[in-house]
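Engineer: For reference, the chains in residue letters:
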Amino acid sequence: MWHGDYFFLLRNLILKDFRTRYRNMSLGVFWSLVNPIVMMIVMTFVFTKIFHNPTPKFPVHVLCGLIPFTFFSQTWVSGTTSVVDNASLIKRVPVPREALPIANVLGSSIHLFIQVGLLLLVALAFRTGINWYWLWLPALLVAELVFVCGCALVCGALNVYIRDMRYVVESACTVLFWLVPIFYDISFVPAKYAEIYQYNPIAALVLALRNVLLDARAPRAPLLLKLFFVSFAMLAFGGFAFRRLRRGFYDYL
Amino acid sequence: MLRGYLGRLFKRKGVEPFVALKNISFSIPAGQTVGVVGLNGAGKSTLLSLIVGLCPPDEGAVVVNGKVAALLQLGAGFHPDLSGRENVYMNASLLGLSAEKTEKAFDSIVDFSGVGQFIDEPLRTYSSGMYVRLAFAVAIHVDPDILIIDEVLSVGDQAFQSKCNAKILEFKQQGKTLVFVSHSAATVQSLCERALWLDHGELVMDGEAAQVLEAYEGRGRLAAR
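Note that the protein sequences, when read in sequence, are chains A and B.
For the first sequence, the working numbering gives the first residue as 1, with consecutive numbering after it.
For the second sequence, the working numbering gives the first residue as 1, with consecutive numbering after it.
No wet-lab data here; the hints were simulated from the structure.
Careful, some of the hints might be misleading.
Subject to a maximum C-alpha distance of 16 Å in a straight line, what follows is the list of computed EDC-like cross-link-like pairs (lysine to aspartate or glutamate) [said to hold, decoys possible]:
1. Lys101/B to Glu98/A
2. Lys67/B to Asp143/B
3. Lys67/B to Asp5/A
4. Lys104/B to Asp5/A
Here chain A is said to cover these stretches of chain B; the calculated rule only asks that three of the stretch's residues, wherever they fall, bring their Cβ under 8 Å from a Cβ of chain A [as the list claims (entries may be wrong)]:
5. 95 to 109
6. 175 to 185
Sample of chain B residues at the chain A side, in silico, Cβ under 10 Å [unchecked claim]:
7. Leu39
8. Asp81
9. Ala92
Glycine included, each C-beta is placed from N, C-alpha and C at the ideal position.
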C-alpha cells in the first residue's frame with residue numbers, strides 16, 4: 001500500500017546511515033582499510049615466519065581471503081539487526097520493509113569496494129600484473145552482494161522474533177572464518193572436502209579471486225556456476241522468507 | 001471509496017489475549033472528512049494503523065482505494081545529526097514523494113516551515129516548534145487521495161495550529177478524504193462531517209459529527225461526576 005519512489009527511498013536510507021556514522025570522524029570511511037591491513041601484516045608474519053608456508057605472494061593470497069570474509073561477516077551482522085533497529089519507522093510508516101536490510105547491505109558495499117581497491121594495489125605491488133581476467137571482478141563482487149542480501153533478509157526477519165539471531169550469526173561467522181580458506185590454500189584440503197567448499201559462496205569467491213589475481217586465469221565454470229547459483233538461490237529464499245515473516249513485524253517490534 | 005470491514009485484532013499480552021478492536025465495520029466514501037474520537041486506549045491508533053497498512057487484521061478485511069498518506073508521527077525518519085535539508089529528503093521519501101517532486105517542493109517546504117537558514121543546520125539545534133513545523137511542512141506536500149492524521153497536530157503553538165487547520169481545509173476543498181483522530185472536540189466539530197466513537201475497541205456510535213460529539217462529551221461528563 002506504499003506508493004513511492006523506491007530508489008529515492010533506498011538512496012536516502014543509505015545516505016542517512018552513512019552520514020550519521022561518519023560525519024564526525026576524521027578518517028571516516030577509510031577506517032575500513034585499517035582492519036584488513038593489520039590482519040594481513042599479522043597473518044603474513046605468522047604464516048611465513050612462524051609456520052612455514054610454501055604459498056607464493058602470501059600477502060595477496062591472504063587478502064583475497066580476508067576481504068570477502070570480513071565484508072560478509074560485518075554486513076551479515078549489521079543486516080540482521082537492521083529491521084529491529086528501525087522499529088520506530090516500521091510502526092509509523094508503511095514503507096516496504098525489505099528496503100531496510102537491502103539499504104543496509106548496499107550502504108556497506110562501499111567498504112567492499114574500498115577494500116578491493118586495496119587488494120588490487122597490493123596485487124600490483126607484488127607484480128601479479130593486470131590482465132583481461134580482472135574483468136571477472138565486478139561479477140564476482142555482485143555475487144557476494146547478492147548472497148549477503150539474501151542472508152540479511154532471512155536473518156533480519158528472524159531477528160524480530162528471536163532477538164538472539166545476532167549472536168547466532170556472529171558465532172556462525174567465527175566458524176566461517178576457519179571454513180573459508182583465508183590463510184591456507186585450497187590445495188591443503190583433502191579432495192573429498194574441496195568439492196563442498198565450492199558450495200560456500202564466500203569460499204568460492206575467495207578461490208575465484210585467487211584464480212584471477214594470482215593464477216592469471218579465469219575461474220573454472222563449475223566453480224562459477226556454484227557461486228552464482230547459491231548466491232541467487234539465497235537471495236530468492238531470503239525474499240520469500242522475508243515476505244512470509246513480515247506480517248508479524250508490527251506486533252513484535 | 002474507503003471501506004473498512006474489521007473484525008477482531010488480537011494483541012498478545014501475557015495469558016489473556018488483548019482484543020484491540022472488535023466488530024468494526026464501516027465505509028467511508030471519497031471526499032468525506034471523518035473524525036475518530038474515544039478515550040485513550042480505545043483503539044483509535046490501531047484502527048489507523050490498519051487503514052494505513054502497517055499491520056494486517058487478524059479477522060476481516062481492510063479495503064482502501066486510492067493513495068494514502070499517513071501522519072501518524074511527525075518527522076518519521078528524522079535524525080538529530082542530519083541537517084534539516086537532509087531530513088526533509090529522508091522524510092519525503094518515506095512519505096512516498098518521488099525525487100523530482102521533492103526537489104520541486106523543497107523551497108515551498110522551507111518557506112512553509114519558516115526555519116530559514118536553519119535548514120542546513122543539524123536537527124538537534126532546532127527548537128521543538130521548528131521541528132514540528134518542518135515535519136508538518138513536508139507532510140502537507142505529499143499529495144494523497146486519503147489523508148490519515150493521528151493526534152500529532154495537537155502539539156505546537158497557536159500560529160501552528162491555525163496553519164494546520166487552514167491547510168486541512170484546503171485539502172477538504174480539493175475533495176480529499178480525511179480520517180482524523182483528535183481529542184479536541186472543537187477541531188472535530190469544525191472540520192468533520194462525520195464522527196466515529198470508539199470505546200474499548202468497539203464502535204459505539206457512527207454518525208453526524210455534532211451528534212456523536214454531544215454523546216461523547218456527555219458521557220465524559222457523567223463519568224467525571
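Engineer: Please write out, lowest number first, the hints stated earlier that are contradicted by the structure.
Structural biologist: 1, 6, 7
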